[in-house]
Amino acid sequence: MSGRRAIVASALSSIALLGGIVAILYLAPGGAVVRNAFFDPHSMWQAFVGDPSKGLSSVAKGLLTNAWMFIAAEALVLIFGLLLAWVRLSHSPVLFPFRVLSTMYTDIFRGIPILLVIFVVGFGVPALQLGTISNQSPAVYGVAALTITYSAYVAEVFRAGIYAVPQGQLMAARSLGLNHPTTMRRVILPQAVRTVIPPLLNDFISLQKDTALVSTLGAIEATRAAQIYASTEFNFSSYTVASLLFLALTIPLTRFTDRLIAKDRAKRLASA
Amino acid sequence: MSTTVLSIENITKRFGDQEVLQGVSLELHSNEVVALIGHSGSGKSTLLRCANLLEPVSSGTISLFGQALQDPSIDEDAVRRHIGMVFQSFNLFPHLSVLDNVMLGPVYSLKESKDSARQRALELLERIGLASRAEEFPDRLSGGQQQRVAIVRSLAMRPALLLLDEVTSALDPTLVGEVLDLLRELATAGTTMLIATHEMAFAREVAHQVAFLDDGILIEKGTPEKIFTNPAQESTRKFLERI
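Sequences listed follow chains A and B, in order.
Going by the numbering used here, the first residue of the first sequence is number -13, and it counts up by one from there.
Going by the numbering used here, the first residue of the second sequence is number 8, and it counts up by one from there.
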């Protein structure tokens, strides 16, 4: 198919698909109700900006809470996850107990629903009455819980990436007299990180969405703000706003990931 | 007699209940080239890895300049700095440029300054005619070029001895020559080398001693003249006939 015909064909099929969805919203018996409940422009705007006089929080402002929670959690997860993977792959006899602990850790926290971890941290730690530690905002406990759970996943991603580096690389580095840490730092990890970026960013996209669960601790983030709006105004358009805002955060990240992969692939193909 | 560089005494290596090396002894003197021949799976690679401490031996001793390497107090990394190793599959670091591949050992293992390491790396690359490709990534090079870079990467460490594990086996036949030429040059310059190889003509030409390994047993060792024209053992004769 020529370039122009391909463009026309893809445009037509896109219009047909979108048109179909819109048609369902307009032609279905309950279409009008759904449109009004989920896509009412006035309600959407009101939910977006919030209305303090009615006690309505802004969904957009709530999203900022989500944003700082996942940024903090992602940074911590990278450090903690790598540390766990490193310990688990170490050979030193001195690290034996830590090796066992890190294996148990990944087993346990990949097996517990994140919502339970959020409850345990968010309600348990304040109840301990440990001074400053027990006096943090729900969002801080949310970050802690997300870090605890996601580090277990990310540690496994790192471990898989490290295993994927051919054994010959390790032998070549060691035969140059490099010690184990230097071999990891200069030879193994740079190669492992490259293969690990797509699955890592995948986990980060889930993490970004899971910040919504911290609403259960009472943190006023985007979902919670949308929920307050919906239960006050009896209109669900606020959920649509929250969804769109989450998409605005996750889509750039997915696009960025794909571009990184494509760039790396192009570089490899060019040199093959 | 010249100094003994590497002395392998009666080593065995077991993987599970499989004995890959059975009481192998071998000596390597300075400026000497020893060729290790034998079928694939005869234990050549394992012997080289044991010599480099990449594999621990099950019993026996290996000494470098008279120092036993099985001593638990030995610093294995320090030992490996004196022993260069080149692999069948090159094992260049794909994320580093050719130059950085050659510089990695001197900078992070010998703690040389980057400037002096770079200068020496460029000299070595110049010697193999690849200085102009220094900034490129290894996968831009042909197999023969990659293997020559791998050899030079080991040389950058100024090793006392070089272990070569079938370094031409993964190469396109047309590229074997350039690698063997470089090894010939090194042999002439007096580099001490232990070479596991299937290139019999090359072994005959370059090696001072040839050792035949069969099923983990060192069957015989002697001058190329003797091994290739008048081997003492039946199995050596059979192996050479089949090649």
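Everything labelled a hint here was simulated from the structure, so no lab data went into it.
Being a predicted model, the structure only gives us computed values, none of them experimental.
Among the hints, a few may not be true.
Some but not every residue of chain B turned toward chain A, in silico, with C-beta under 10 angstroms [said to hold, decoys possible]:
| no. | residue |
| --- | --- |
| 1 | Leu60 |
| 2 | Leu71 |
| 3 | Gln74 |
| 4 | Asp78 |
| 5 | Glu83 |
| 6 | Ala85 |
| 7 | Arg87 |
| 8 | Phe100 |
| 9 | Pro101 |
| 10 | Leu106 |
| 11 | Leu111 |
| 12 | Ser116 |
| 13 | Leu117 |
| 14 | Ser123 |
| 15 | Gln126 |
| 16 | Met164 |
Glycine included, every Cβ here is placed at the ideal spot set by N, Cα and C.
Hint check: 10 angstroms Cβ-Cβ cutoff, B/Asp78 to chain A: Because about 18 angstroms separates B/Asp78 from the closest Cβ in chain A, which is outside the 10 angstroms limit, the hint is violated.
Should the interface hint for B/Met164 be scored as holding, given a Cβ-Cβ cut-off of 10 angstroms against chain A? 6 angstroms, holds
Given B/Glu83 was flagged as interface, is its beta-carbon under 10 angstroms from a beta-carbon of chain A? 8 angstroms, holds
Cut-off 10 angstroms, beta-carbon criterion: hint that B/Phe100 touches chain A: Result: holds, 6 angstroms to nearest chain A Cβ.
Interface hint check: B/Ala85, Cβ to nearest Cβ on chain A, cutoff 10 angstroms. Holds or violated? 7 angstroms, holds
Hinted contact B/Leu60 with chain A - closest CB pair below 10 angstroms: 9 angstroms, holds
Restraint: B/Ser123 near chain A, CB-CB cut 10 angstroms. Satisfied or not? Check failed: Cβ of B/Ser123 comes no nearer than 17 angstroms to chain A, outside 10 angstroms.
For the restraint on B/Ser116, tell me whether the closest CB of chain A is nearer than 10 angstroms. Nearest chain A Cβ about 4 angstroms off; hint holds.
Is the shortest C-beta separation between B/Leu71 and chain A less than 10 angstroms? 13 angstroms, violated
Grab the minimum C-beta distance from B/Leu117 to chain A and call the hint holds if it beats 10 angstroms, violated otherwise. 7 angstroms, holds
Holds or violated: B/Gln74 as interface residue toward chain A, Cβ cutoff 10 angstroms? Given a least distance of 16 angstroms, the restraint on B/Gln74 is violated.
Closest C-beta approach of B/Arg87 to chain A relative to 10 angstroms, hint status: 4 angstroms, holds
Comparing the model with each earlier hint shows violations of hints 2, 3, 4, 10, 14 and 15; every other hint is respected.
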